[in-house]
Each structure stands twice: as C-alpha cells, then as structure tokens.
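*Asks:* Residue numbers (this note's numbering), protein chains in the order written: chain A, 2 to 396; chain B, 17 to 462; chain C, 10 to 332.
Everything labelled a hint here was simulated from the structure, so no lab data went into it. For glycine and all other residues, C-beta sits at the position ideal for the given N, C-alpha and C. Zero decoy hints are in this set.
Subject to a maximum C-alpha distance of 25 angstroms in a straight line, what follows is the list of computed DSS-like cross-link-like pairs (lysine-lysine):
id	chain 1	residue 1	chain 2	residue 2
1	A	LYS266	A	LYS252
2	B	LYS231	A	LYS195
3	B	LYS231	A	LYS223
4	A	LYS348	A	LYS321
5	B	LYS231	A	LYS196
Label pairs and their in silico Cβ distance ranges:
id	chain 1	residue 1	chain 2	residue 2	range
6	B	VAL81	C	MET213	57 to 65 angstroms
7	B	PRO249	A	SER262	50 to 58 angstroms
8	B	ILE197	C	GLY297	29 to 37 angstroms
9	B	GLU171	C	LEU142	56 to 64 angstroms
10	B	THR352	C	GLN73	31 to 39 angstroms
In silico negatives: residues of chain A with every beta carbon more than 12 angstroms from chain B:
id	residue
11	GLY198
12	ASN200
13	VAL202
14	PRO288
15	SER296
16	HIS349
17	LYS361
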Amino acid sequence: MISRRSLFILTLALAVAAVPATGQLGAQGKGTIKIATQTPLSGELAALGEGMKLATQLAIEQLKGPVEKAGFKVELVPFDDQAKPDVGVANAKNILADKDILVVVGHLNSGVALPASEVYKEANLAMVSPANTSPLITDRGLPNVSRVCGRDDVQGAVAAQFAKENLKAKSVYIVHNKNQYGQGIAEFFQEWSKKNGVNVVGFEGSEERANFDPILTPIKAKNPDVIFFGGEYPQAAPLFRQAREKGIKSKFMGPDGVDSSELLKLGGDAVVGMHYTTVAGGVKEYPKAKAFADSFKKKFNKDPEPFAAQSYDSTAIALKAIEAAIKDAGGKMPTRDAVTKAVRKVKHSGITSAVEFDDKGDPKKATYLIYQVAKKWDDRKMVKRLEIAAPQKKM
Amino acid sequence: MTDVPSPSGPTTGAVDVAPGLQRWRSHPVLLNVLVAAALFGSAILVWVVPRSIIAFMAFQASLLVIYLLPLDVRTKLAWAAVALGVLMPMLGTHNGYYMEVAIQVGIFVALALGLNIVVGLAGLLDLGYVAFYAVGAYLWAIFGSPQAAKFLPIEGVFPLPAPWFFAFLILGLAVGAITGILLGLPVLRLRGDYLAIVTLGFGEVVRVLANNLDKPWNITNGPKGITPISRPPLFFEPALSALGIDAPPSVLYPLLFYFMVLGIAAVVIVINRRLEGSHVGRAWEAIREDEVAAQAMGVPLVRMKLLAFAIGASFAGVMGVIFSAKQLFISPESFTFLESIGVLAMVILGGMGSIPGAIIGASAVTILNLQVLKGLSLWLNELRNSGLTVLGYNLADLPSQFEPAKYERMIFGMILILMMIYRPAGIFPARRRKLETYHRGEEPAA
Amino acid sequence: MDWELLLAIFPQVVMDGLVLGFMYALIALGYTMVYGVLELINFAHSEIFMVGGFVGVEILLTMQATGWLDTFNPFVILIFIILMGMAVSGVLAVVVERVAYRPLRGAPRLIPLISAIGVSFFLQDLVRLGESLWRNAFYLTYPSFAAFNTRIEIAETIDFSVKSVIVVVASLAMLFALQFLVTRTKLGKAIRAVAEDQPTASLMGVNVNRIISLTFLIGGAMGGAAGVLFGVQYNTINPFTGFIPGIKAFTAAVLGGIGNIPGAMVGGLVLGLLEAFAASYLSLLTGGAFGAEYKDIFAFSILIVILIFRPRGLLGEVVRERT
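Looking at chain A on its own, in the form it has when it is part of the complex (with noise of 0.2 angstroms):
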C-alpha cells in the first residue's frame, strides 16, 4: 500500500520536476519589452499557427532596432490558445500576470479571439490581430484591439459579387458548416446576393463531414449556377467532390476558409477551377513581401503559410507603437495604457498593404483577393484583387 502510494508520489514529482518553468526570473532590471503570440500552435490548425508565431519571430529580429537603441530588450513568449475559447482566455490571464508584455499579436480563430480580447481589455493591452476576419471584432468598438486584414462581411460581398458579376450566377445556393466563421460569411454572401437580386435557392448548414448525399439531392434538382460553401477545407472539399460524382454541374466558391493545399489534395479534379475569396493570399502577390518570403525560407526551412506575412506586418506596427510610446515616456519603459494608444495612431507601409487604423481599428483600407485554383496548387491564379474599406457599424 505504501510502497504504491510512493510510487504514485514519485511519478508525480517526476512529472513536475518535468513542465519546465515557463518563465524566466522576472525581468532583468526594468528592460525587457515582450511581445505574445496567441495562435494554435497543436491540433489541426497548428501550421497556419506555426506560421504566424515563426513570423511574428522573425519581425522582432529584424525590426527590433528602435526599440533597442532606447535600451530595451525585446522578447517573444508564444501561447498556444489549441483553437479553443476557454484556453485562449486562460492563456489571456496569464499573459496579463506577466506586466512585461505590451502588445499581443493573435488570434487566428475569431471564436478565439472574441473572449480572449475581453480579458486584455481589462488591463487595456493591445491585440493587433493578423487574421480574425470576424466583423464583431471591431464592432465591439474595443479601445484595444485592431487588425491589419480585412472582415468578412465585406469578404462574402467580394464572393457574391463576383459570383454575380463574373461568373454570371443567377441563382446561388450556399452551405456552411455551422460554425462561427461559415455561418457568418455565408450570411454575408447571402445578404449581398438578395439584395442585388440574384436568386438564393437554398441555405443549409450542416457538422456533417462525410455524408453530403442529403444535401446534395435538392442541390441537383435545383442545378444552382454557383454553390457557395461557407467554412474550411475538411468538409469543403468531400462536399464539392460528391457533388461533381453526383453529375451536379455547378461553378463552386468558398472563403478564405478553403485557402489550402489540402483542398487540392482532397477534393481533386472536383476542385480545379473553384474560385475562393481571401484576406490573406499567397506571399507573390504582394512585391513587397518577396525579401520577407526569402529571408523566412532561409531562417525556418519552409515557406511562409497564410497570414504569415500578416504577423509581420502586426509585429512591425506593435514594435512601432512601443517605440513612439517609449519616446513620450522620455525614453521610460511605456505603460500599456500609452502603447494600445500608439497602436492606432501608427501608419505603417506594410509588405501586405499600407495600415492606417480607423477609430475602430479596422484598417482604412484592407486587400481582398480572388483566386481560381488549377491542377497544382502553387499554380492558382489570383483572378481579382480589391481594396476596400470597412464598413461603418450598422447599430
């Protein structure tokens, strides 16, 4: 009995003795600024996460040069939020508990996000997101959370319009997957395509990610012009796939949602020549990002996935925020407070596009981009690119 019982003490002090203390011994004298990243860094997700922490790194290294010559050391403390709400807000406290963190780059899921943003608002730490296209976002009217890219009530507009405008659709039928981002953008494409008078023959969401058959049957006997499909890649691609073997003829579209290699890898010949709407984009569309790209490949071995060049550009316009709030500190270390103000005042030509924050903190003016997929991935064409500005709060 005893002899187990030690046992089960040792392993558990085995196990302790193995989580590492995540954070070093307080700060070193009063210098060093932090920068947190909240992106899923484990599960599904991880690689668009990865992705964003890695460049997030990378824009620290090349960019913290300001804000060293005013005696600053500048460090990165990831979090992994694994895409779920109760850890994003978790994370958020503890990243509140360490008092050297001034800006918070994140999330990639809005679901995330939107809770999350609430705890830093509490301390009013800056979150500059890279990637939540969500319009409720910004629509809160937070003092402290902006973002660099574009919503997507404006996103599924850009899809219905060019739906209607160019790919000649007279009737649309939308699916979405019933979670928050398809079910929102997907009421977006259908409000713009009412509106203009296209006819929207059928709105259905369903978790389903195998069987589309039941779906599908009223989608054939209408025979749509376009059918949108409102979510990610898992489920857009075996619902376009079934649809071509149902002998169902229509042009398919899809968000940003869809914007991977594993579309083509699952969904096959049924996905070549789909058009999808993005935020984000790949690295070659912007000229700009080109040094960014190389200098990335170099340093992780791998190409810069979506909304890396996004954290970039975040990283650059939080680093400087931090640097003008340190200058009207007379060169002390800013207080939050001085550095979420900082944020939105700061102009920033980016590598994707040239930020300039409206009082909400949506971009004045933010990039969306139409892509027709080919055989190869890399091969995808971007078809249309747009800059639009967001729109004014509807309450």
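With chain A held as given, fit chains B and C onto it using these hints.
*Replies:* Coordinates of chains B and C only, in the frame set by chain A:
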C-alpha cells in the same frame, strides 16, 4: 485549487487517508509546523517567482499535504480556510492566471461532485452531463445579454440588470433540476447501459439545439455564440473603498468569481456529505448494487433515480450560470461530448462515489489540462526551436504532431481503461466501499 | 410549396436513405452480436469501423503511389481492400476484447462500459497520431475509380452511381452470410448457446472464451467492411468519422431489436431512410426554418421513443435481465 479536504469522521479520517502516516498522529505540533512550512513556503515561492508553474504546483501539492496528514478535522478545515480563503486570493491577485486555474478547478469540482451523485452513488451512467451545464450557461447568457430581445417582443428590458445574476443562480439550480427530471422521467426505467446511450444522445441534442436555434426564432444565436454577457455587480466595492482599498475591476471580478465558486463548491460538498450518509444516499447505493433487491426492500426506484438526476443536474445548472458570466462569451463549442467525458474521467479517476475522490480527480484533470500538458507542449516547442541535438537526432526534426496538449483524448482514454482494470474504485475509494471491502478483509477488487 | 420538386427528388432520397441504411445495418451487426453474447455495449465498435476505413485508404494510397491502381481491375481491388479491412478490424476487435473487456468480465455492468469508452477515445487519437506522423494529415481521401462513379440513369431525375449499388449488394450478401452462419452452422449454434446461458454452454463442451473472441472477430470484420464501404461511398475519412455513425448504428440495433440480426438490418434501413428524408425535406418543407441538422435530433428522439414503448425493438426477442 479548491480541494477543501472533506471532514471525515474522527475515527476513520486519518486511518482511511494515509495508514502509513498513522504513527505521526501523536505529534500534532510537528504536523502543524509541517503544514505551515509547506503552505507558506510554497506560497512565498509563488509570490517571489510568480510565473513558475512548478512553484504553483508546489502550492497545490501543499493543499494535498493538509488532506493526507493525520490531523484532526477542525485543524484541517482551519488550514484549508487559510490556504483557500487568504493565501490563494493573494497569489491569484499577484498572478491572474492562477486565479483562472483556481476558478476552473472550482467549477469542475462542483461538476464532478454533481456527476458523482448520479454515476458514483446511484450508479446511473450519464454520458451527457455537460448538457445541464449548457442549459445553465445559456439561461444567463440569453437573459443577461441583449440576446433575449431578439426573440421576445419586449423592448428595453434586456440585458437584465446585473443584480439579476443572483436570482439566476437560483433559477439555474431550478432549471437544471427540471431538465434533469424531464430527461429522467422517460428514460430512468431503462437498464443501465441503454440509459448511457440515451443520455449521450440527449447531450448531443442539447448541443445541436444550441447550435441551430438561431432560426426560426433567434434564441441561442447559433454557432456565433452570445456576447457580451453581464457580470454580477461588484457589491463589495463600496465597502472596500471605505476601507481605503482601491482595486480595479480587473482584480475584483476574478476575486468575486473565485469566492462565489469556492462558496458554491463548499455548499455542494456539504450537501454531498449529508446525502451520502442519509437514507437517500443509502437508497442510491442500494440501487447501484442491486436494483431488484433494492426494490424488494421498498426503495422507490424511479423517485430515487429522479432525485439523483435532479440534484446532479442542478449543480451543473448553477455552475453554468457562473461560467457564462465569467466567460462573457459562450458558444456551443464549449459543451461537446468531450467535456462530458472529461467530467466523467474526473469522477472515475478520483473514485466513483467518493467525495474527496471527485474533488481530487477534478483538480488533477483540470491542472493536467491547463498547466502540465500545455507546459509540456510549450517546452517541446522551445526544444524544437532551439535546434538542440540529442544522441545525434536534431530536435528540430521532431514532428510537430507530437503535442501532448492535443492528445487529451488519448490520455483520458488510457486513464479510463487502466483505472477500470487496475483500480476501479479510484485513487481515493469511497468510504463505504472501503469499509465493506476491509470488512471482508480484501483489497478493493474489480 | 414546390410539390413538383419534392416529388422529383423522392426516388433519389430513397436511394440515399437505403445506402446509408445498409451502412448502419453493417455497423449495427457488431453491436448486436457482442450485445447478444456479453450484454455489453461495445462502445469502441465505432472506432473499429473507423480503423477499417483507414486500412482501405492506406492500401489504396500505397497502390496509387506504386502505380498498381491502374493495373488491376477496380472490382478486384475493392474486394481485396474489403477483405483486408475485415481482417484488420476483426483482429483489432479481438485484441480490444482481450485487453479491455475480458479482465473485467463479472464486474458491475458500468465498469466494462467505461473501459469501452476509454478504448474508443484511445483509438481515435492513436490513429490521429499515427496518420499525422505518417502522412502529415489525418483527413484522407479515397482515390476515385471512374468505374464506380459511373451513373446508372433510370429516369430523368433518377440516377444512382455504381458504388451505391455495390454498397447495397455487398451489405446484403454479408447480412445473409452472417444470418446463415448463426442459424445454420454448428458454430452459430455455439454462439447462440453462449448468448443464452454461458455456464450451461460451457458444461456442454463449448469453449466460451473462444466463442466470445469469435463473436468479436465476426462483429469487428463486419465493422471493418462497413468502414471500407463508407470510404468508397463518401470518399473521405478521418479519425472521428466513426463516432456519429457508431451511435446511429447502435440506435439502429436497438430499433430493430438488439441481439437480432435481421433486426439490425430493419433498424438500419428505417433509420437511414428517416434521416435521409429529414435532412433533404425538412428545410424544403419548413421554408428553411429548420435545417438538415435536425436529423440527429430525429434519430435520438426515435431511440428514446422506441426504448419507452417497445424496449425490445421492432423485431425484438425477449431480453432477459441479468443482474
């Protein structure tokens, strides 16, 4: 960490817990010094090194020390009060993350104790327990935010003012219990394993409803979730400022939630202990051991089962209300089957039917999830980035698919299998079960 | 309301429902056989089914990489992967029984059920980890065969693919073979004897442990075959594919009368048709107010209703309470 050591009877408490430490019973001073050293030592460590996970785990372990040492019940309770009532809030204010961990542990302790009544005492396997938690959470989320105005034709009432929160705590309790009875009425006549599947189905139905009831009437706002949800009023703020303490809401809210969760968890523990020893508790255990015999002895089967379901569900309902207020944002994602299994794993790990077991199981699993696995993942990540070479193998090549935090299902699965095979009574077996087995002179057996 | 449209898709919906129903029936067999013999809900059966699907996709992807896929007749390949899926899943089911259920025989009923849930979770993540390391992805697709995707047109609005026919024919063949095995052979008699009364069967010279292993082997093999057919039909598979079809198949088994082989088939078909109709028609009938997602609610409500009013299922035998 809110594992309040449950007051065990003066004769069995120490004997049960740690027979090996028995001989120290006659040195209470020494023991108290030991506790004080562990508690304050680790607390100071956390204070000095606020970001070290090891320091915080030492503090958590010192709470376990209080429980394990053969002190008398009053002394244990006093120490627990010091640790949880004074030290923990101080440390939690110093580092808000630990407060979050403590609050989550408290929530799961209450959930595990609720499920413990259903599964552990009455022997009814409920695989959809998180549904009741969801019902409580949505109850306050809908009426404590502008959401209610979207389907009720009343203007300007919603969100309800913050003080309503306390009324909703009671309402959450009631609605949880009613949902439990509504589910229980048709299905409790079923045999055990059918019941398990039906409850699983019920859990899925509640989640699917939450995900789909944004049309035709927008009740739950579907997958987009509900935000912002009102928080309870900081009613003690004037009192604090009268004392000259000025703290921002970002400090006061976690404190409020912490003490609410602590208080409710304590109440739940007391109710559990009262029920366990009462005729109701004995009736449940009789049902668990042998339904036919229990019925023959005059135990009203359906009524007793319904009672177990209702009480278990009501705890989840209350905690749901607190969860939604704490989180400010809820969506159906938080109420998946995995959450139900997580709570079940807590109960089983600690020991089915055992109150200290459920408490320690909940603490262990939550800490495992929030701290240990995440810490390990981050550590692996750092190792990979450092490009260290071990035995000629470059760690940078370590596949990024190895993320301990992402394999919680596998860990839960192994816990469930191994516990069932080697220790079905759990880490801290239920007292009655233990008494029975000791009586027969056996180890707790499969 | 567009009655013409509703009528036009009717035959197609029936076909979709039949395909889904046969799939449920095949999976349900695993639940039914194990339950008949051990009175245990083999919760891990949905993962046995999922593993079958992965065996199929792994073989096909390997063949594709080596170029063999085009050299053999697709029907030969199909039979081969079904057999392989059956073998691996059957053996896995036996292993699971030995490791996680046999040590618990005689324990209270909840104990093996919880252990089964543990196995189910463990297998899901094990496959995910394995595939993540091996292919760097755990959503996999079946390579498609032109021969299976050919559509047979019956009328203007009615056509179905060759693979749907394959699913139906293969399921029927396996169901009849199993029914024959259980009712007409000596082995079947032994299985029925063990289901009826283990001690007595043992006294009559039946090796109970061996029969129980065999039951798991057969049930697992059926699940594996269903996994491969599922992959061929819907051409996508991931480690969590098994969960929902597993629950539905269990519902089908209960619906038809658990422990009863024709019952599993009837239950599966009823459930499959019901789901197909709910998913295709609900949205059309209610003008979009209620969508396809309510199909799961339908399935679970039916489970509850059946359990209350006809606990023995549609074709149920008398199930004795064993305590």
